[in-house]
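A.B. asks: Protein chains in written order, with our numbering: chain A, 22 to 345; chain B, 2 to 307.
Hint data in this document are derived by calculation from the structure and do not stem from the laboratory.
Certain hints may be false.
[Said to hold, decoys possible] Under 7 Å between C-beta atoms, here's a sample of chain B residues computed to sit facing chain A:
1) G31
2) R32
3) V139
4) T145
5) P150
6) I152
7) M156
8) T157
9) A241
10) G246
11) A270
12) P271
13) H272
14) G278
15) I281
[As the list claims (entries may be wrong)] Partial list, derived from the structure: chain A residues whose beta carbon lies under 10 Å from chain B:
16) P28
17) V29
18) T43
19) I50
20) L183
21) K188
22) A217
23) M282
24) I301
Quick reminder that beta carbons are idealized off the backbone N, C-alpha and C, glycines included.
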Amino acid sequence: MPEVGSPVWKYTLRRLVLIIPTLFLLGTILFFMLRVLPGDQALFITSGEESVASIEDIEALREAWGLNDPLYVQYWRWLSDILRGDLGYSRYADRPVWDALSSKIEVTATLAFLSVVVALAWSLPLGIISAIWRGSWVDQTIRVVTAAGIAMPNFWVAILMLLFLVKFFNWIPPVQHVSVFEEPFTALKRLILPAAVIGFRSASTISRMTRSTMLEVIGDDYIRTARAKGLGPWVVTLRHALANAIIPVLTMAGLLVAALMDGAVIIERIFTLPGLGQQIVDATSARDFVMVQGIVLILALFMMLWILIIDLLYAWIDPRIRYE
Amino acid sequence: MQQATPDAAMQDTVSITKTARIRSGLLDFGRSHPTGATGGIVLITIILLVLLADFVSPFRSDRTVARQLLPPMSEATIEEGTLWLGTDELGRDLVSRLLYGGRVSMFVGIMAPLIGVAFGTVLGIASAYFGKLFDLLVQRLVDTVLILPGIVVAMTITVAFGFTVPVVIMALAVSYSASSVRVVRSRALTLSNMQYVEAARAIGSSDARIIFRHLVPNSLPVSMVLVAVSVGAAITAEAALSFLGIGIQPPIPSWGNMLTRAQQSFHFAPHIAIAPGMAITLVVLAINLFGDSLRDVLDPRLRNVR
């Protein structure tokens, strides 16, 4: 743990403070963009086949929920709620946004975390092997597989995997959702397949990156020196080559978060996981703006924290990088 | 990576005609980047096929022509002589569906990055050129868009504004314009300090003239590469949206929405799940191979841009 007042500490603090204006701007833009959309919550809730609501009823709902107030009044109400740490009350779900979201955040976050683990477990060995045995049939196979892995849409891979498992093993992943904190094993059994699908795609990108950065490093003088002084091939590869080759790979990891989240949102729907991706589509079509804003702010916060962690990690691995 | 050698081709440009120069340029590209050239050829073939779908396709994409869910290459299909890939859940010919669906998917996949990057290029250059408050505002805006997963941005837009082709294109274009603003701006920062920009300003050129006559043409290689490397992702993104039912809607076929029904019937008719996915994979692979080589030729420094 770095001591208070050190450059790392100051840097982290400044980055954390900078998150606030970005979230504020995002929230504000989103607030006004959503209000431009046709239709509102009162209309959505009262519409439907057996609805008996009259125009007066809808108007009364709007009045009661403050939807008829001028935009700046609504904006001010939202802003003062947010500043008090209150994400608002979803009329559609009929509960506070935070209550509705907390279990979904857990699903999406667990899924994202598992996919990172899968992606790294796949990609680093593949990339290293590919670089060491460059030009061999192993390398060729890995390159073809990873090139295909980038080209295959992940939802399609998910469909094929399900097909494969049902056809040959007669196995369907469990559909009942449980929390990771209550029944970790059952939850993992349910989450591992979607995580593998999401991770596979990112793994392809990372292993190709690892291969090319490893190849750049392997030709360097210091690797030859390490070999010349009699170090074993594993020590040279892992301790000397990989330590330097991994740095550009980590930069990519920041971008990969976005890819992982993209994947999580789509794959959640195929495996009917009750996560944020499912929720944001439902909320947008229900014109549940408070909910949409809540989800977007949480996703943005999550992404920014992740990028910060990667930047810190990056500087920890490469001491040449200074905090400025 | 081996570089194309334009020098050799350039030496006797005076004597040879333009077509001959293009031909030798293409040959050079093929020789130095065989995978890229293969990707390019595959891509051009597929584009021609989907463009000429009216002539090549055995049936129309929305006609029931045979029994439902006929497997590919079955006796029944061979008797018919045309239904090579079998039929889908409504008895429509899969080959025809792939051709017409490909037309939509590829149109969206090419237009979204094209529009997005074009807008992003102008905004990025303007941001670098004007600097100050404008630059600051644009940068904050770009950061804000990029902090969100692209699919979430696209989803919100299509769910809100409707599931039509133009809306899907715009929804996807937003992310590409934001990421291209960043890349183009950093390049344009160097460009706008060049002497020719100063010279143009000295002889009284307007800002618009400097931007569109000097800075935009000089940033074009970067933008072209950005488009080329984004098309594959855009095709996949469109497929994902349409697959989830929040992109392009039936009866308009797209590779994505052809897979929507596949999830229900794939246990007994896997071919309707496999064919559209293969089509997407083939096209995206071809584009990526071509795009990577194009990047090497046009701008090797962009290697890490997704």
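A.B. asks: Determine for every hint whether it applies to the structure shown.
C.D. replies: Hint check results:
no.	hint	in the structure
1	G31	violated (19 Å)
2	R32	violated (20 Å)
3	V139	violated (12 Å)
4	T145	holds (5 Å)
5	P150	holds (4 Å)
6	I152	holds (4 Å)
7	M156	holds (6 Å)
8	T157	holds (5 Å)
9	A241	holds (5 Å)
10	G246	violated (9 Å)
11	A270	violated (11 Å)
12	P271	holds (6 Å)
13	H272	violated (11 Å)
14	G278	holds (4 Å)
15	I281	holds (5 Å)
16	P28	violated (24 Å)
17	V29	violated (23 Å)
18	T43	holds (6 Å)
19	I50	holds (6 Å)
20	L183	holds (8 Å)
21	K188	holds (8 Å)
22	A217	violated (17 Å)
23	M282	holds (4 Å)
24	I301	holds (6 Å)
Hints 1, 2, 3, 10, 11, 13, 16, 17, 22 from the list above are not met by this structure, while the remaining hints are.
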